[in-house]
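Starting from the structure of chain A, add chain B where the hints point.
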Amino acid sequence: MITASRREEMLVLGARALQGRKSVLVGIGQPNLAAALGKCLYVPDLILLYESGIIDGGSERLALSIGDPALVKGAAGICSMFELFAYYLGGRRIDAGFVSAAQIGRAGDINTTVIGSYANPTLRLPGSGGASDIALLVDELVVMMPHEKRRFPETVDFVTSSAGRAMTVITDLATLAMSNGELVVTAIRQGVDPDQVRAETGWPVGFKEPLGSTPPVTAEELAAVRRLDKDGLYS
Amino acid sequence: MSEAVRQFVVDGDLVYVAGFSHAIAFAAGHEIIRQRKRDLTLCRATPDVIYDQMVAAGCARKLIFSWTGNPGLGNLHCISRALAEGLAFEEYSHYQLLARLVAGGTGLPFYPLPEGSGGELAHHNPNLKVITDPYSGSSWVTVPPLRPDVAFIHVQRSDRAGNSQMWGVVGDVRDAAASARRVIASVEAIVPDDVVRGDPNRTILPGFLVDAVVLEPWGAHPSPVQGHYDRDNDAYRSWSVISREPNRVTEFLDEWIYGVNGRADYVRRQLSRLKALVVGTRLSEPVNYGKA
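Those protein sequences? They're chains A and B, same order as listed.
In terms of numbering that gives the first Met the number 0, the numbers along the first sequence are unbroken and rise by one, the last being 234.
In terms of numbering that gives the first Met the number 0, the numbers along the second sequence are unbroken and rise by one, the last being 291.
Just so you know, these hints were derived from the structure itself, not from any lab.
It should be emphasised that the depicted structure is a prediction, and the values quoted were computed from it without experimental measurement.
Hints may contain errors.
Stated by the list, open to error - If you want the footprint, here are the derived chain B segments under chain A, 3+ residues with CB under 8 angstroms: (1) 68–79; (2) 89–102; (3) 279–289.
What the hints assert, rightly or not - Short, incomplete list of chain B residues facing chain A, as computed with Cβ under 8 angstroms: (4) Glu-119; (5) Arg-173; (6) Ser-237.
As the list claims (entries may be wrong) - Computed far set for chain A versus chain B, every beta-carbon distance over 12 angstroms: (7) Glu-7; (8) Ser-22; (9) Pro-43; (10) Phe-81; (11) Ala-130; (12) Glu-139; (13) Arg-150; (14) Val-204.
Glycine is no exception: its CB is placed at the ideal position from the N, C-alpha and C atoms.
Just chain A, same shape as in the assembly:
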C-alpha cells in the first residue's frame, strides 16, 4: 500500500477543512492546491476567490500565481482587486479565508512581514498582501503551515494579521483551533506523538480532551493530490 507523505496528508486535511463552506478566499501556494483539491473531491459548488479578482476560477492546470491565465479560463467572473476587497471582503460576503503563514502565535496572531524587529529585521518576508484584510473580514480563517518550533512562537515577531475570529490551523503534525483566546491542539496525525507536537510548539500548548485522531488519507484522496500536483510546484 502506498501511503501519503506528511505534506500530502496536510494538503488533504486542508481540502477536508473546506467541507460545508460556500465561498473561500484563497491565498497562493499550498492553500491554492488544497482548495483546488477540496473543490474537486468534496465541494464541487465551492466558490474559490482570489485576491487578483478572479471569482470561481478555472482549474485546467495548477496556477503558479493568483493572476495566472489558467485561473481565468472558465472563471465565473473577474473583478478589479478593489471590487474584490471592497464589495466582497469589505461587504463580508465571503465565508472563510485560506492562507499560509510564516509564524503563528499562541493568541492566533499571524506574521508574514518580518522575522526580527520591523525596523531592523533579520529577514524580510513578502508582507501582508491581502492576508491582513482577509483575516479581518472573514468569519473563519483556515491556516495551513508546517509545524516547526520557529513557526510557532509564543508571540509572533510582527502582527500582520491579528487574531479575533474562528481559526483552524492545519499542520503536518496536528490540527489546532482557538479556545479561550489561545490555540490548542484538537487532533494529531496518526503515528505522531503528542510530545513531538509539544516540542515543535513554542509555548506549553494545551490538548483538547478527548483528542481527535485524523482519519487516514484514502487512496482516492492521495491519487487526487498527486494528480493535481504532478509537477510538485508547491512541495
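Here is chain B on its own, set in the frame of chain A:
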C-alpha cells in the same frame, strides 16, 4: 516607448507601473531603466520582478508596496538588499494601498477601513490614522489619497484615441490609471475605432485619460497577457537565481536592458523562446448590442 518615457517621466516622480501578475508594463520599466531615471518613488501593490530590476538599476528613492515577493518563488532579492541598506519605503495591506488610489482618483480626503486594518503596520506607518465614525461612533483606520505622477498600463488593444480595452485579470489597472496625473498605455495592438466602439463595455480606461499610446507587442513579458502569451515561468525562476548575486544582476541589466535597442530588439533576441509562450485561440461568444 522611448519617446513616451522621455516626455512623461521626470526624475523624482511617483511612478506606478500597473498590472497584478497579469499584463505588467515591463517594457515601460525597462525603458525607465535605460533612460537612467533617478529618485523615483516606485509604487505597486506587488513590486514583482519589474521593480526588483528598477531598484537594482538605481531608479528608486523610495518604494510603496503591499506585497513584495517573486510569486511562488520567495523573495525579491534586489529589493530585500536595498531595504536592508536603507531604501525608504511605505508598507500597506492590499486593501489599504488600493483604497489610497481610489481616494486619490475620486478626490476623497481619505478612505476609511475597518478597525484593525493592517495589523501592526499602524505602529510603523504614520499614514495610517484612526478616526471616529461621526454616525456610529465606531473607530476606523484611514489612509490618505495617492495620486501617481505617472502610471503605465499594458492592455491588449486600444484605438488611435487611446480608448484602452483589457480582459483577463484587471487587478489594479483602472485604479492606478484613473488616479494618476499622466497615463501611458502600451498595447499589444492598435485597432480601428469600430473595434473598440463595437464593444465599449470592455474599455478599462477612456482615451481622454490617456496621454500616450505605445504599440508594444510583448510589452508585458515575462508576465502574461490573456489571449496573447503565457507567463514565462522560466524567466521568473531564472530571475530568482540571478537576483541573489549583484554581479549577475549587472550582467542581466547589461544584456537585456541597457544592451537592447527597445522592446522590438528585446523580442528579436529571444524570438524562438517567446514563440513557445504564444497561446492558442479561444474566442468568447459575441454579445448582441442590438440594432436600432
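message: Tell me the hint numbers this structure goes against, listed in increasing order.
response: Failing hints, ascending: 3, 6, 10 and 11.
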